[in-house]
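Could you put the whole structure together from the sequences, leaning on the hints where they help?
In case you want the letters, here they are:
Number of protein chains: 4
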Amino acid sequence: MVLAEFAMFPTDKGESVSQYVAQILDEIDRSGITYQLTPMGTVLEGSWDEVMDVISRCFKLLEKQSNRVSVNMKIDYRKGDRSRMKSKIASVEQKLKKELNK
Amino acid sequence: MVLAEFAMFPTDKGESVSQYVAQILDEIDRSGITYQLTPMGTVLEGSWDEVMDVISRCFKLLEKQSNRVSVNMKIDYRKGDRSRMKSKIASVEQKLKKELNK
Amino acid sequence: MVLAEFAMFPTDKGESVSQYVAQILDEIDRSGITYQLTPMGTVLEGSWDEVMDVISRCFKLLEKQSNRVSVNMKIDYRKGDRSRMKSKIASVEQKLKKELNK
Amino acid sequence: MVLAEFAMFPTDKGESVSQYVAQILDEIDRSGITYQLTPMGTVLEGSWDEVMDVISRCFKLLEKQSNRVSVNMKIDYRKGDRSRMKSKIASVEQKLKKELNK
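Residue numbers (numbering that gives the first Met the number 0), protein chains in the order written: chain A, 0 to 101; chain B, 0 to 101; chain C, 0 to 101; chain D, 0 to 101.
Quick caveat, the hints were computed from the structure, so don't treat them as lab data.
No incorrect hints appear here.
DSSO-like cross-link-like pairs, simulated, lysine-lysine; straight-line CA separation at most 30 Å: (1) Lys94(C) <-> Lys78(B); (2) Lys94(B) <-> Lys101(A); (3) Lys63(B) <-> Lys12(B); (4) Lys12(A) <-> Lys63(A); (5) Lys59(D) <-> Lys87(C).
Covered by chain D, according to a simulated footprint, are these stretches of chain B (three or more residues, beta-carbon under 8 Å): (6) 49 to 59; (7) 62 to 74.
Just so we're clear, the structure is a prediction, and the values are computed from it rather than from any experiment.
Beta carbons are placed, not taken as given, at the ideal position from N, Cα and C, and that holds for glycine.
If you want it as structure tokens, here you go:
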């Protein structure tokens, strides 16, 4: 299973890009993939191909409307089928025996 | 104000590194900085110097215990004092007129 | 055209991973895609689909041999067919009217 | 020793940002730190504090002129004093017994 955190935005549209980020999030939300929005990007979970398919569709959405697009991705693959969307944070809290801001 | 998402872990300790991630989160939690833990890293908010100071202390914690450390950071600076830890997500939800997974 | 800088390595194989990086570079070099190796990753140039296809093949190479894999990607898309592999650096040197280390 | 690859640019200045990238590279080149410019960023080498000091000065240069700035950093720390700016690439070429594009 792959956890992928990514952020994608046009760099030719000025300071505020939330209208473009909203389009991407709508695409992700409708895709049915497991995801979580954070203040700095979106975390997707699935197989490599599932995750890359969703990210590619997001890119193609922006490509049509933009002269320049910046994308960042950070991927953590771990063998096995177990979801880690919640368990990575839980494992850190358990080790510290306290609750963290999440 | 700076929003900084970062992840930091030793790469010479094998597959499971949550014991090291826990040490970093303890450092961050005790520092008093505004933060949010995500499945793929930690988002800090503050001035450039405040944020870099906390990240440097985390690095020095791992440096002492590791032969090799990998760090990733993504920073979004926007002029002004307004916190965006919650408002970036709220702005996307408002544009879509629906609630997202967060 | 897309310029994509990426780095990919197993995190369950200890401190030295150059044997795995070598396999990836061999895959890239044989693929025929335009690329440049840097001290911190590899820059590919092509269409989104060409670039993602090569990166996916690299991932699948490592996936077979590893329990955990870390991937980072940074992508700069700009409309048009012009290669920027050399011209981005040249443009900075021209503005500064001096040669830089490259 | 730390190898740090970073890219930094204002996102409120439209599509072409090479004038800002040039200012950063001038700052780096004058600082005397070991560096290499790539098509997607700049690789610095030194201690954590040396590298962070240069990157902070670059940020403060852009902060004065911009409403919004995007920064990405990827850091590879390895214990010891040996420079890896050339040796990481050489080690991959040696394993493959062929020269790569660099």
